[in-house]
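Q: Kindly generate the complete structure, drawing on both the sequences and the hints.
If you use our numbering, the sequence shown corresponds to residues 255 to 353, in order.
The reader is advised that the hints may include incorrect statements.
[Claimed, not checked] Here are the in silico distance ranges between beta carbons for each label pair:
hint, residue 1, residue 2, range
1, Asp316, Gly336, 29 to 39 Å
2, Gly310, Thr287, 18 to 28 Å
3, Ala335, Ala278, 14 to 24 Å
4, Arg305, Arg272, 31 to 41 Å
5, Ala279, Ser319, 13 to 23 Å
6, Thr303, Ile266, 17 to 27 Å
7, Pro268, Glu307, 31 to 41 Å
8, Lys292, Ala313, 14 to 24 Å
9, Ser308, Pro268, 32 to 42 Å
10, Ser308, Ala267, 32 to 42 Å
Treat the hints as calculated values from the structure; they're not laboratory data. The C-beta atom is built at its ideal place from N, Cα and C for all residues, glycine as well.
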Amino acid sequence: MTRWWNDPELTIAPEDVRRLEAMAALHPGWDITRRENKTWRAERCCRPTRRQESDGLVARLDAESLAELGGLIAAQERKAAGDRLWLIAGPGVHPGRTP
255 MTRWWNDPEL TIAPEDVRRL EAMAALHPGW DITRRENKTW RAERCCRPTR
305 RQESDGLVAR LDAESLAELG GLIAAQERKA AGDRLWLIAG PGVHPGRTP
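A: Okay, here's the thing in structure tokens:
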């Protein structure tokens, strides 16, 4: 995540700065910006593949508050993780297969 909020001319509430720092640590694959109309936008550093897009992953999210944006990013990360969990489940484990 880009840490653009270190700009001294940018005024962000202290709770939003703490939230941004936490989001930077949790979701490094997203760039978060504050738009001129005081809404928040998150964009993935790498666009999702067509398959991921068909599974509901998006390249950009918009929200009225930083807290709402954090929830949207977390939901996207959960969707993305669902496709990868079988990779760490162990040998012989694959989605759609039951022992």
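Q: With reference to the structure, classify each hint as holding or not holding.
A: Cross-check of the supplied hints:
no., hint, result
1, Asp316 x Gly336: 29 to 39 Å, "violated (23 Å)"
2, Gly310 x Thr287: 18 to 28 Å, "holds (23 Å)"
3, Ala335 x Ala278: 14 to 24 Å, "holds (19 Å)"
4, Arg305 x Arg272: 31 to 41 Å, "holds (36 Å)"
5, Ala279 x Ser319: 13 to 23 Å, "holds (19 Å)"
6, Thr303 x Ile266: 17 to 27 Å, "violated (33 Å)"
7, Pro268 x Glu307: 31 to 41 Å, "holds (37 Å)"
8, Lys292 x Ala313: 14 to 24 Å, "holds (22 Å)"
9, Ser308 x Pro268: 32 to 42 Å, "holds (40 Å)"
10, Ser308 x Ala267: 32 to 42 Å, "holds (38 Å)"
Taken one by one, the earlier hints fail for this structure at numbers 1, 6, listed in ascending order.
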